[in-house]
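Go ahead and model the full structure; you've got the sequences and the hints to work with.
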Amino acid sequence: MTTLWDTTGTDVVKALAKARRAAGGVTSGLALTLVVAATERTVAEAEQAASVAAAAHPARLIIVVRREINGLDPRLDAEISVGDRLGPGEAVVMRMYGRLALHAESVVLPLLAPDVPVVTWWCGEAPPNIIAQDPLGVLADRRITDCSQSPDPIAALEQRAIDYAPGDTDLSWTRTTPWRAHLAGAFDVINEPVVGATIIGPPGDATGALLAGWLQSRLGLAPEMHIQDGPGVAEVSVELATGGRVCVGWHDKYTAVVRRPGLPDRLMPMRRRPTGERLAEELRHLDPDQPYAATLEAITGLTGLPQRSPKRVHQWHDPALTS
Amino acid sequence: MSTDKPGQQINPLRDPDDRRLPRVPEPCALVIFGATGDLSRRKLIPAIYDLANRGLLPPGFVTIGFARDRGNFVDIAKQAAQEGARTTWREEVWERLAEGVHFVAGTFEDDAAFDELAATLTRLNESHGIAGNAAFYLAIPPVTFPLVLKQMERTKMADNEAAGGWRRVVVEKPFGTDLPSSQALNTLVDDVFTPNDVFRIDHYLGKETVQNLLALRFANTFFEPVWNGLYVDSVQITMAEDVGIGTRAGFYDKTGAARDVLQNHLLQLLALTAMEEPVSFDAESIRTEKLKVLRAIALPENPATHAVRGQYQQGWCAGERVLGYHDEQGVAKDSTTETYAAVQLNVETRRWAGVPFYLRTGKRLPRRVTEIAVLFREAPHLPFSNTDTEQLGQNQLVIRVQPDEGITLKFGSKVPGSQMEVRDVAMDFLYGESFTEKSPEAYERLVLDVLLGDSTLFPHAEEVAASWRVIDPLQEFWSQVPPALYRAGEWGPAAADGMLAQDGRTWRRP
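Sequences listed follow chains A and B, in order.
With my numbering applied, the first sequence corresponds to residues 1308 to 1630, in that order.
With my numbering applied, the second sequence corresponds to residues 5 to 514, in that order.
Don't take every hint at face value.
To be verified - Once the Cα atoms are required to be at most 30 Å apart in a straight line, the calculated DSS-like pairs of lysine-lysine come out as:
| id | chain 1 | residue 1 | chain 2 | residue 2 |
| --- | --- | --- | --- | --- |
| 1 | B | Lys154 | B | Lys177 |
| 2 | B | Lys82 | B | Lys177 |
| 3 | B | Lys414 | A | Lys1325 |
| 4 | B | Lys82 | A | Lys1560 |
| 5 | B | Lys258 | B | Lys154 |
| 6 | B | Lys258 | B | Lys177 |
| 7 | B | Lys177 | A | Lys1321 |
| 8 | A | Lys1325 | B | Lys418 |
By construction, these hints were calculated from the structure, which means they are not laboratory data.
This one's a predicted model, so the numbers in the text were calculated from it and none came from an experiment.
Structure follows, in structure tokens:
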């Protein structure tokens, strides 16, 4: 591990190359570069999750902590490790102070692994309202946000639809995968018209809203939302024209119960996955997620999301002027 | 409102674009004959657990064990799953799976036991909603197949219509011992099950690299133009094992390396390497292309010079003294069964005319390795002096099937320094490096495909027959020739090296 205080981007590039040579590694095995935008409060969580994900997808990991944007002196501190505490790959953790934080891409661009996809993840913070204002989002091919971190997740989700570009996804969407898998599995053996759907979950929950949007996009009907306090979605059910109900809910912390008409209830393994595992699922798919776009369209009524340009153009934004 | 169109099974929640949702089979049962045996405990049960852990099994999935000795099957299965699982152990996953584990005790002659099995399956229709769907895995010696199949015919367990769902059967190699016996076996299985419901397992085809061979050839631009006799000098396909025959003497002494490995694994790998591009990536199209290659295989004109078989003698393997084949328990002192086989085959097509395919397999070789090496011709002209390129060999593309699944490209490169000197270097792609996610075990993939009814990765009866047509004349020739001897821990008999040397080639050290 190498630590550089008050350094420059050039020195970081050199130090990374040196560390890589010393470890005997080459870049050939890298599948992607993962850029994590974090804050001092979330950097520990970011490191933990990113090292889990890096074990499944060999990535060069670049964690950027931007601090004291209004501070006077721009400054860069960096820590470089290869096959060390941050998983099997190459990792650079950088802290950027002062005005440098607004130009993070100037340090990050030369550190990107050659010609492999770049994924940017905003960790533990509400995503920027307009991703084009964050240069770290502009340089990415895939962008991962997390609306559940926002004070108003539903509004954040709607903003994601307004600001959508192909290649965006959200970790609240990843949370829907096990639910969607169990529901789709239940419908493999049912061939009946659907007349309604209900989702039971806490108020203002992004995952519940996305599940509703997905059901709407697939079934063409708006699910009812029933409020019940809890850590997340509690139950999803679909009503059939024949009067039966297909229902997926929690049995206990590690088990879901799947109910289908005319068949005995089934218990299936299901659990709330830690951030690292969800991030790893995101990194498995580097192409635009069409069902996610269709779901956002269903939630907001916007259209043409998949046809938008996947490239964003940087918009200059100075928080010092707006605040 | 989008609802199901009448008469069509369309799941409104499934979307081909939605690749996060896993392919999950319909509710069904897997019946394992020989459930307490080696294959079941080492491979099948762990594969089932891993599938469950990845969320790839349907709700109400049922495992039924059928074996003679009762014991406590759930405990045996749990221990097997715990020892063999590739994914992390989660008690709750096992508990859910164990709810669907049943056991029927009996011998294959026992009518009552099969009646009970049939009754259990009918009962599960109600209680687990499997809708008559069941796959029967014959993890038992081939001599017992006729008995079991007759029992299934008698109880109508193999009958799709009587069951109201699909009924499939999974057969392990060896598929017979020669062409007539394999055809007899096929007729027997096809009589009881419909041909499309028969799945023959060749677990090599479940390996990631083997599937990747097709991706490599047909998804890329720059391999296909050189994938022919104009650029390829020869192909070497190797499957080496460091172990001896262990406790399988009874089976192995009757079988030998050619029938055990050459007939199935190596010829399948050859077919995938040499086949033309399939019109699409479905089972039917791939099978068509593989069959064309298998039927185009020609044996060497003179097998005396281009087919070698061998038998290991005592020696040292990985630092341990090991017995010779004759001294293994259960092997006759005068056994002429081969433990090593090497042969040159030709594929008589425009693409491969004049390119020898060297296949070899053996036991007690220095290391366990399976690979396909495509060796390219030397450059027609080298503008360097002879001394500059002394260290330059043939360009090679090596597909490593196991261990360290991956691909190596070997080419010449200048040695840094003031002199012009060209030497071979290797460029490596390692599966474990670019996709560290634990790739599924071959059996996991294949069991899932059986339950999904996808036969892409399973050799068809016609492929098996075509393979026997290659091996039978070879066996006939070999039956007249005593095996050449080699010391355990060597790369096979000297005659195998001689076989390549007469063509001016050498075996690649894998």
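Verification of the supplied hints:
For the hint linking B:Lys154 to B:Lys177, the alpha-carbon distance of about 20 Å falls within 30 Å, and the restraint holds. With a C-alpha separation of about 26 Å, the suggested pairing of B:Lys82 with B:Lys177 holds against the 30 Å cut-off. Between B:Lys414 and A:Lys1325 the alpha-carbon distance is near 26 Å, which keeps this suggested pair within the 30 Å criterion. Proposed proximity of B:Lys82 and A:Lys1560 is supported: the alpha carbons are some 22 Å apart, at most 30 Å.
A distance of roughly 25 Å separates the Cα atoms of B:Lys258 and B:Lys154; the hinted pair therefore holds under the 30 Å criterion. Between B:Lys258 and B:Lys177, the direct Cα distance comes to roughly 14 Å. Compliance with the 30 Å bound is thereby established for this hinted pair. Of the supplied pair hints, the one linking B:Lys177 and A:Lys1321 is violated, its CA atoms being roughly 56 Å apart against a limit of 30 Å. For the hint pairing A:Lys1325 with B:Lys418, the CA-to-CA distance comes to about 23 Å; that is within 30 Å, so the pair holds.
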